[in-house]
Amino acid sequence: MPAHTEVLPETLPAEPLAIVAAWLEEAWAARRQPNPNAMVLATASPAGEPSARVVLCKDIVPQPGYVVFYTNYLSTKGRQLKDNPRAAAVMHWDALHRQVRIEGPVSRAPAADSDVYFASRAWQSRLSAWASAQSEPLASRAALLEAVQEAARRFGAPTPGSPGAADSMRVAIPRPPHWGGLRLWAESVELWVEGEARIHDRARWTRRLTARGDGYAGAPWTATRLQP
Numbered sequence: 345m346p347a348h349t350e351v352l353p354e355t356l357p358a359e360p361l362a363i364v365a366a367w368l369e370e371a372w373a374a375r376r377q378p379n380p381n382a383m384v385l386a387t388a389s390p391a392g393e394p395s396a397r398v399v400l401c402k403d404i405v406p407q408p409g410y411v412v413f414y415t416n417y418l419s420t421k422g423r424q425l426k427d428n429p430r431a432a433a434v435m436h437w438d439a440l441h442r443q444v445r446i447e448g449p450v451s452r453a454p455a456a457d458s459d460v461y462f463a464s465r466a467w468q469s470r471l472s473a474w475a476s477a478q479s480e481p482l483a484s485r486a487a488l489l490e491a492v493q494e495a496a497r498r499f500g501a502p503t504p505g506s507p508g509a510a511d512s513m514r515v516a517i518p519r520p521p522h523w524g525g526l527r528l529w530a531e532s533v534e535l536w537v538e539g540e541a542r543i544h545d546r547a548r549w550t551r552r553l554t555a556r557g558d559g560y561a562g563a564p565w566t567a568t569r570l571q572p
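Quick note on numbering: this note's numbering labels position 116 of the sequence shown as 460, and the sequence is numbered without any gaps.
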């Protein structure tokens, strides 16, 4: 196998999220892992107790500078982000020898954006958003399946997996008010490229964010190379 020789540009680019977006596109094109947009998201309670889980990055917007993911707002991460609206995320593409870290404040995406994305999901996924009280205790698997069946009856849909429940079906299922998008605004971005003999290439970009409306405005980025 040929040696991996990629390095970051000697003069670090002024805009890191454009690189992140390009890396994600390359990861999709490479088809080396089933979910190249998988992203570890770390949050913390108001008391500082951390928790982490994998979510799917659904968009990277270099300007004004945020990444988008979707979740149940009443889940553990949703509640933590309401009380302590900051997060850290990691995307790691082992086969491509690259890693991205992003940290910053989090805000809700506009409801219209959440509606559009929710409508694009498979009807089974839209149904489960109503059936599952994410992160809450569950008496049994049977209780969850009953909740799915109840949601199906509510919206006139078949039960997923039942005869005639085809993926191509068109079922009108609106977005639950407790489900939607979140934006992680990049205050710090770190790019890492694996190097031979553990001489990795690593750089960090930071900027100051100022709250503006439902989001943030960012000052110019400052870039610094880091020891590996």
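For the record, the hints were derived by calculation from the structure and aren't laboratory data.
Beta carbons are placed, not taken as given, at the ideal position from N, Cα and C, and that holds for glycine.
Honestly, I wouldn't trust all of these hints.
Here are the in silico distance ranges between beta carbons for each label pair [stated by the list, open to error]:
#, residue 1, residue 2, range
1, Leu570, Leu482, 21 to 27 Å
2, Ser532, Ala509, 42 to 48 Å
3, Arg397, Thr568, 27 to 33 Å
4, Arg376, Val405, 40 to 46 Å
5, Pro564, Ala486, 55 to 61 Å
6, Thr349, Ser479, 27 to 33 Å
7, Arg423, Ala362, 28 to 34 Å
8, Ala483, Arg397, 20 to 26 Å
9, Gln377, Thr554, 33 to 39 Å
10, Leu489, Ala463, 24 to 30 Å
11, Ala439, Leu489, 34 to 40 Å
12, Ala358, Glu494, 51 to 57 Å
13, Ser506, Thr349, 49 to 55 Å
14, Arg423, Ala455, 16 to 22 Å
Only pairs whose alpha carbons sit at most 16 Å apart, straight line, appear in this in silico EDC-like list of lysine to aspartate or glutamate [claimed, not checked]:
#, residue 1, residue 2
15, Lys402, Asp459
16, Lys426, Asp558
17, Lys402, Glu354
18, Lys426, Asp459
19, Lys402, Asp457
If any of the earlier hints don't hold here, list their numbers in rising order.
Numbers 1, 4, 6, 17, 18 - these are the hints that the structure violates, sorted from lowest upward.
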